[in-house]
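2 protein chains.
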Amino acid sequence: MRLPRLDAAGRAALFTEARTANTFTDEPVTDETLRSVWELAQWPPTAANTQPLRVTYVRTGEGKDRLLPLLAEGNRPKSEAAPAVALLAADLDFHEHVPVTFPIKPGFRESLEEQGRDGRAGMARFNGSLQAGYFLLAARAHGLATGPMAGFDADAVTREFFPGGRHTVLLVVNLGHPAGDAWQQRLPRLDSAEVLSFA
Amino acid sequence: MRLPRLDAAGRAALFTEARTANTFTDEPVTDETLRSVWELAQWPPTAANTQPLRVTYVRTGEGKDRLLPLLAEGNRPKSEAAPAVALLAADLDFHEHVPVTFPIKPGFRESLEEQGRDGRAGMARFNGSLQAGYFLLAARAHGLATGPMAGFDADAVTREFFPGGRHTVLLVVNLGHPAGDAWQQRLPRLDSAEVLSFA
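Taken in order, these protein sequences are the chains called V and Y.
All residue numbers for the first sequence refer to the numbering used here, where the first residue is 4 and numbers rise by one.
All residue numbers for the second sequence refer to the numbering used here, where the first residue is 4 and numbers rise by one.
Simulated from the structure, these hints should not be mistaken for laboratory data.
Just so you know, nobody snuck in bad clues.
Estimated spans, in silico, between C-beta atoms of each pair:
hint, chain 1, residue 1, chain 2, residue 2, range
1, Y, 114, V, 113, 39 to 45 Å
2, Y, 64, V, 29, 57 to 63 Å
3, V, 42, Y, 167, 39 to 45 Å
4, Y, 186, V, 108, 15 to 21 Å
5, V, 154, Y, 77, 38 to 44 Å
6, V, 33, Y, 158, 43 to 49 Å
7, Y, 64, V, 35, 47 to 53 Å
8, V, 118, Y, 191, 21 to 27 Å
9, Y, 107, V, 4, 43 to 49 Å
10, Y, 64, V, 33, 51 to 57 Å
11, Y, 190, V, 125, 18 to 24 Å
Some chain V residues well away from chain Y (every beta-carbon gap over 12 Å; in silico):
hint, residue
12, 76
13, 109
14, 110
15, 113
16, 114
17, 116
18, 117
19, 118
20, 119
21, 121
22, 122
23, 159
Chain V side only, calculated, beta carbon under 8 Å to chain Y, not exhaustive:
hint, residue
24, 7
25, 18
26, 173
Glycine is no exception: its CB is placed at the ideal position from the N, C-alpha and C atoms.
All chains should be built: construct the whole structure from the sequences, respecting the hints.
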């Protein structure tokens, strides 16, 4: 069976020409677009279809007021300018859904239940991080510039936006349309000899 | 500035129609294609451009003989049939490269050095997992079917293929062209109300 390949325009939009944006125009991003990003991002695989990623889109003034003080100071102007900011979190209680999402493994929910949140954290974080990668490319697929940021108080953002103890925030992602000065010079990638080997 | 969007064919190839393959034809995948997958996967972002992912492609009989016993028994026939199997690992000593990959932050290498491998493991795993997500979609962009698997002895695969203690294997991915019976019934995705919220 022959599978389709991604054409040059698609490769440029998602991989080779897309860049991390640091500034944004005030053109809004609709909730419909934000929902559509997720509709696309949900499809690539997770282990045993566990799908632990959760997304909160911050796009109101009130939401920004709650978020901005919890970001590293240098990141605040970026998120203030972005019409939407996605908070990507892993749900440590993802196992509640496995009777529906992975019905082919009897007892799976119970064995995950026994592990507790600490025991499930590795699986939640790994698969949630995979999904964060899918999410960034799905946003680019919608013509959005993405600005992922690791500089924030993860415990504080978790407490403020995902209270209750079952989530852990992984990444904060600015979303919008790039301003004229959105891009910095592209940083180098590793030589492939540093990355690849063959066995 | 208006960014390009991904067209319907591209969305189908990477997200909506692509599926995890469980069986493969014997059509080979060339080393040139495997290198090209990485050339594409290297571009999406990592925190401070740290790029911790490393890839070993197993595609010889000798390599398969080393790998197969370290996989969960149910996964062995899949990797045996796959013309190539990618081992995706995080390099805990990624900081050695930051003077080249992130020259704009003086002292970054030294502060990461002080953290030791345990201190760097979270950053290596998170960013390596993001890159694993990019890698899967980059393989699909090349018309390859992907079969990511979490069922393997991670410590044993790390020791066998990434000896020395600076790596940790994150994911094993079968790659190839799908056989006629490659696909199982698609498992359900969560209702978006379980995933999305707005603030």
